[in-house]
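J.: Sequence:
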Amino acid sequence: MFKTQAEAQEFLQGFITALDETPDEQETVLCVPFTDLWIMSKSLHGSRIRLGSQNIHWEDSGAYTGEISGPMLLEIGVRYAIVGHSERREYFGETDETVNRRLKAAQRHGLTPILCVGESKQQRDAGETEAHICSQLQEGLVDVDPNNLVVAYEPIWAIGTGETCEPEDANRVIGLIRSKLKNPDVSIQYGGSVKPNNIDEIMAQPEIDGALVGGASLKPESFARIVNYQ
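Residues 1115 to 1344 in my numbering are what the sequence shown spells out, letter by letter.
Incorrect hints may have been included.
[Claimed, not checked] The calculated lysine-lysine pairs, modelled on DSBU-like cross-linking and capped at a C-alpha distance of 30 Å, are:
| no. | residue 1 | residue 2 |
| --- | --- | --- |
| 1 | Lys1333 | Lys1156 |
| 2 | Lys1333 | Lys1296 |
| 3 | Lys1218 | Lys1296 |
[As the list claims (entries may be wrong)] Label pairs and their computed distance ranges (CB to CB):
| no. | residue 1 | residue 2 | range |
| --- | --- | --- | --- |
| 4 | Glu1277 | Arg1222 | 29 to 39 Å |
| 5 | Arg1222 | Glu1315 | 36 to 46 Å |
| 6 | Glu1244 | Glu1121 | 15 to 25 Å |
| 7 | Leu1158 | Glu1244 | 30 to 40 Å |
| 8 | Glu1315 | Thr1179 | 35 to 45 Å |
| 9 | Asp1283 | Glu1253 | 17 to 27 Å |
Hints are computed from structural coordinates only; laboratory data are not their basis. As the structure is a computational prediction, the values presented were derived from the model and not from experiment. Every residue, glycine too, gets a C-beta built ideally from N, C-alpha and C.
Hey, can you work out the whole structure from these sequences and the hints?
T.: Right, here's the structure in full:
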């Protein structure tokens, strides 16, 4: 929940030019607050940057105050939707069942959902990481098209804490996730205190296809360094 429309436009001025040397096959998606989506859609028109939302509701319309639907997002050029982010699960009561419904709604409207999974510090310390993530995948991916999907592994204990999952450990967990998917070619990202000073090591891991970036995406220079990892 960052950036007014004016701040978002100012961010873009410093960010877009930093992608001039970014390889064409590398995809960059900005998942912005709902109030920024329209202005960002206009500003990004003709650019290589894709637009994503931070959530999507499972119904097309109805008495769901505070929610946003697939047709609303499609109308303004949104291509991706984050689903099941740990903050939605922790603070707003998101469950594997509602995550599943949102995933299917995104796909129904031709959007690509970014499914977030990950364990808490308590679950990690108890040795429950693998079982918890497998449960999230099993329940969240019921009747979901495996060919239109991105998965993000975000260890909750590493989000906004400054702690980062060791790249080798993140690689191991992402390898586990890949083994549980019907389509092993699904893009799987790592999220959790991704920064310019650790992105190179993270992206050097063979199982990690990308990064879901939080705080380090707020400044154009730091986010550009992450996009242009070495």
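J.: Are the hints correct? Go through all of them and say.
T.: Taking the hints in turn, this is what the structure says about them:
Of the pairs offered as hints, the one joining Lys1333 and Lys1156 holds, with about 21 Å between alpha carbons and a cut-off of 30 Å not exceeded. Restraint check for Lys1333 and Lys1296: not satisfied, since their Cα atoms lie roughly 36 Å apart, outside the 30 Å limit. Distance restraint check for Lys1218 and Lys1296: the Cα-Cα separation of roughly 16 Å lies within the 30 Å cut-off, and the hinted pair is therefore satisfied. Hint check: Glu1277 to Arg1222, Cβ distance near 37 Å, so the stated range 29 to 39 Å holds.
Checked against the hint of 36 to 46 Å, the pair Arg1222 and Glu1315 passes, with Cβ atoms roughly 38 Å apart. In this structure the hint that Glu1244 and Glu1121 lie 15 to 25 Å apart at CB is violated, the actual value being about 40 Å. Separation of Leu1158 from Glu1244 is about 38 Å and conforms to the stated range, judged on CB atoms against 30 to 40 Å. At roughly 44 Å, the beta carbons of Glu1315 and Thr1179 sit within the given window of 35 to 45 Å.
Between Asp1283 and Glu1253 the C-beta distance comes to about 24 Å, which sits within the given range of 17 to 27 Å.
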